[in-house]
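There are 2 protein chains.
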Amino acid sequence: MTEDALVIFTPSGKRGRVAKGTTVLAAARALGVDLDSVCGGRGICSKCQIAPGFGDFPKHGIHVSEDALSPVNAVEERYDRVRGLKPGRRLGCQACIQGDVLLDVPPESQVHRQVIRKSASERVMEMDPATRPFLITVAEPDMHEPSGDFQRLAEALEKQWNVSGLQADLEVLRELQPALRKGAWQVTAAVCDAGDGTAPRLVATFPGYREAPLFGLAIDLGSTTIAGHLVRLDDGSVLASSGLMNPQIRFGEDLMSRVSYAMMNPGGDREMTTAVRAALGDLAQALVTEAGVEAQAVVEAVIVCNPVMHHLLLGIDPVELGQAPFALATSAALNFPAREIGLAAIAPGARAYTLPLIAGHVGADCAAVALAEAPEARADLSLIVDVGTNAEILLGNNQRVLACSSPTGPAFEGAQISSGQRAAPGAIERIEIDPVTKEPRFRIIGNEHWSDDPAFGTPEITGICGSGIIEAVAEMRMAGILDASGLIGSAEQVGTERCVATGRTHEYLLHDGAPNGPRITVTQGDIRAIQLAKSALYAGARLLMDEMGVDHVDRVVLAGAFGAHISPKHAMVLGMIPDVPLSAVTSAGNAAGTGARMALCSRAARRQIEAQVHRITKVETAIEPRFQEHFVAANAIPHATDPFAQLRAIAPLPEVSFNLGGEGSGRRRRR
Amino acid sequence: MTEDALVIFTPSGKRGRVAKGTTVLAAARALGVDLDSVCGGRGICSKCQIAPGFGDFPKHGIHVSEDALSPVNAVEERYDRVRGLKPGRRLGCQACIQGDVLLDVPPESQVHRQVIRKSASERVMEMDPATRPFLITVAEPDMHEPSGDFQRLAEALEKQWNVSGLQADLEVLRELQPALRKGAWQVTAAVCDAGDGTAPRLVATFPGYREAPLFGLAIDLGSTTIAGHLVRLDDGSVLASSGLMNPQIRFGEDLMSRVSYAMMNPGGDREMTTAVRAALGDLAQALVTEAGVEAQAVVEAVIVCNPVMHHLLLGIDPVELGQAPFALATSAALNFPAREIGLAAIAPGARAYTLPLIAGHVGADCAAVALAEAPEARADLSLIVDVGTNAEILLGNNQRVLACSSPTGPAFEGAQISSGQRAAPGAIERIEIDPVTKEPRFRIIGNEHWSDDPAFGTPEITGICGSGIIEAVAEMRMAGILDASGLIGSAEQVGTERCVATGRTHEYLLHDGAPNGPRITVTQGDIRAIQLAKSALYAGARLLMDEMGVDHVDRVVLAGAFGAHISPKHAMVLGMIPDVPLSAVTSAGNAAGTGARMALCSRAARRQIEAQVHRITKVETAIEPRFQEHFVAANAIPHATDPFAQLRAIAPLPEVSFNLGGEGSGRRRRR
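Those protein sequence lines, which keep their order, are chains A and B.
Numbered according to our numbering, the first sequence spans residues 4 to 674.
Numbered according to our numbering, the second sequence spans residues 4 to 674.
If you're looking for bench data, these hints aren't it; they were derived computationally from the structure.
Treat identical chains as interchangeable: a pair holds within one or across any two.
Cut-off 20 angstroms, straight-line C-alpha distance, at most; resulting in silico cross-link-like pairs (DMTMM-like, lysine to aspartate or glutamate):
| no. | residue 1 | residue 2 |
| --- | --- | --- |
| 1 | K185 | E297 |
| 2 | K50 | E111 |
| 3 | K621 | E143 |
| 4 | K621 | E148 |
| 5 | K621 | D145 |
Here chain A stands alone, though its shape is the one from the complex (with noise of 0.2 angstroms):
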């Protein structure tokens, strides 16, 4: 008499032998097999499908007969009635194992299911967010035998689910009674197990069974810009997107005038806390509008930003971070409740969570880069570069990395230009200037041809946005329109009447603003800012290229909330990136941003940034003399030809250099 069967499930290859007459959810949670559910096996949730094989499968040798699984019951019938059951599947809890058998569970019964990133490196991710959904049937209140609704939602969430010691917060507690009545004492329980060493905690609670999945907000909290993704916390992927002006710019275009601020202005520090939260409140607001989902569903938020913004985002002044020697006020990585700092509309105690920082000036949002690009993984030398108000500079191998952060200012992302303006519709954000004629054509966002195809129209041309600008100048750069010094030649010297004086200088005119819109030119105003922004650019990375004493690297990625608008060659042509051969430049689109998403989607991924920062050397560019002689020594612009000329077979053009009156010579010195 045999009472027991042999069991295999796939992918996992785990087998074991089980009592017949075991629910394959039973089974699968006996032999340790990754199969969800959130209805704990009432037929609800359907997360438990399986499919089961059939017949001989002599690499796992096994023998399926037909009746291994016990027939589809009413619960099946009914839910595939209601629902639609994909051939072949059956729902674990419900199918009783009745002899030997195989099993796959597919990859959406997973609960550490494993999604690809989209990034340069494919790399996979497992699924295993903090935040997860309980069905649970609580015991209604005893007058006789009183207790508090959470704490027999709490002896039913051990029971059940085997989750114990259950924490709530006030904001929770005040939500837990109305849930539980209308869901007549069965809700959904958000559960926040952040798998740090704290109590697992009740996030928010839903009446009954929430067929929706629970979802998390990744935060890149930029200096300029801050960028937000609505991301769903059972498959990873994002559903809506959305970004909105850092509302601290009124304060300060950059950190240290932001710093400067907190120091002159008493309670100033607590102006910039209460108007970045309101913004995060905002962003919150827009992506849960914009993805049409139920904003109490939002249960988590992993923020990144640099150790100016953390800390003005946490309440902390940042006046410390102006000065040698930069002392945080804390590094490591937080969890806190979301509201504290502006989420307020979202589940009542959905928990934020900010990664850590690395050092004074290199922070969370360089953390996230360097989650999202691992090149500890890499045995050859990645330069990481993730380009914004604050440039975050990432130098490693699988042997050593390097880290440091570089004050680029706002010029990259088309602040401080004259024609200047965020990425949206009707910014230039190509250019190519005919080295001959000195005649430009460009493109604008949400236009797919150029400006010379008859096919553009006459559409408005509002600006020029950071990846335009970097193309702007590196085209003139090659067309002889600058000098190496990055002065701008007259309508004489370059031989074209779009250098225009004005005053003293030139600029050139790249859209004369006909028929609508404003007149759009590059002053050289604009290039000394594009100047100093890529020369602290590349001043970072030579300081820890020195600091690792190499002086090439094996690949340049370019990472960013623009990174991946700007063209490896215009970047080498301005010399904001070392020289590396062009497919060895990668564009990882916002790191950042897949980083905090890494962190939302993954506990694993939150262990392992919080490991790697340790290992990471830190190199402060403030103090760091060779710093400044990079940066002088950079402010040149190298090539006068396209660097890769050969692989489009453009003979290069004679070198140019031009005087600007009384000024001296208009040569600088050449790296």
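Assemble chain B onto chain A, guided by the hints.
Frame of chain A; chain B shown alone:
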């Protein structure tokens, strides 16, 4: 060569051998002796004082030579010169053990010193507060090894004090950097180790060594009044006490009318929450000002209250408490940031602790009374009555403890009484009525003379407080002014012009208002209000006695904010409490407040009551038919004479009964 020495500590009797040269403080730690230190052995705090004994101690089997301790050193000399050291005392962190020695640890050098609570039982309590001060020297920031100031503080706490895993709220992190710099990297950290399995939390930081103790608030939040004590957390003494009216009164005088307000008005619960939190903030401010202490040094608050107040304070809609089964949202003890309930102006990370609730109508205030009075520790049967707007009643002994709550309304607190007022100067608090002449005499708060004493003078007489109205009604009954049903007789029936007709009923003129102030009377409405209140109280006690299967109790303890002021004799005449010998009636004062203080000073007390509430049998008066029966039966005022007349040798007067026009017999059913 003997390298070690015998050390015996008294009063603990702990003994052991330590290497010669060991400091007394280190020896105490090694042997597990409770010797205080805030500065960690730096010779700053003087908390580690000990008194060595020299000579022969046959009882301990030790001879102590004069050179058993190292000579007084420079640190001790300086301390003695500047601050003064008691004769015979040494600083434990400076004195080194050089030979066999007997060391006495005086009470003030013990962390867990015992304090005797001033209550009937004079029970001893051990100081063991959750939040304690630690002097810490924190490593300065190093640009080349960047880490957060908080992380370095946490490391130092672990290294110097063996307290690991420190956490901090954002509000505390905000204060950390200025304190560290002001204290030149030495701070006194107030750390809360709740002892409930959660991580220790940084509550506040003070630059350098903080000489003064830390403080806590013990708050008794009643429906009508809120009373608070500011308590030293080193020795448990009370530095200031203050009270104010509960501002929720404007939403309803008793609990059920407030629950109704919340049910009838959307957002009504939030209004009441806001009101009571603001009052708590005001109370804290008043206590801090009265005691003249630094608000930032108030690091803990313990709050006791009934379930409706509890839920409203925590921001939970109390609507479920208005109907069976009276389900609590949460019943367990809670520990959360004090700022969340309006206590914002104290230490930034101050923690609040609420005692557990016993049942839907039996609150944390009753739990606090149970903690303070501990009926489970006695063999005799105690009836403990905490009189307030809601009465908390406990009945029990070392076999079993029962609890219930009874809705007495605010009459006992002077509310809903025509001339009623709070207990304040000018209020009548004691009354005697001559049974022959029916003339009253009284005493007012703030005047030690009776009103018929020429020394009484002509003070302003403003009204009657709670204890006064109880005495007035009881004296009126004993003087034959009231019949057993509670009806006031006419001037002719009683034989005094002080009985004045008002419509169809009469009132008794207690004071004619001369020479200044209002006319003060006891109306028929006042009598009815007191009858309802005392019937509810008595019925609750009877219900518990039924449940226990007894018809008498061994002792009665009167507690409550004004429990100390109630005359036991008058309470018994009135029928508030069951008859027991007068010597068996004691006053426990504000036992709920005492319980709150115990929980503030002792983590062990918290654990004790958290366990004890589960052992208390809860009786729900609201749905118990016998409660109604007892309530109706208890309406009469039983004693026409002083039940302790034998003690005073006063002859009883004949029983009277009055007819109220056409209303039928004034005589009601007697128990």
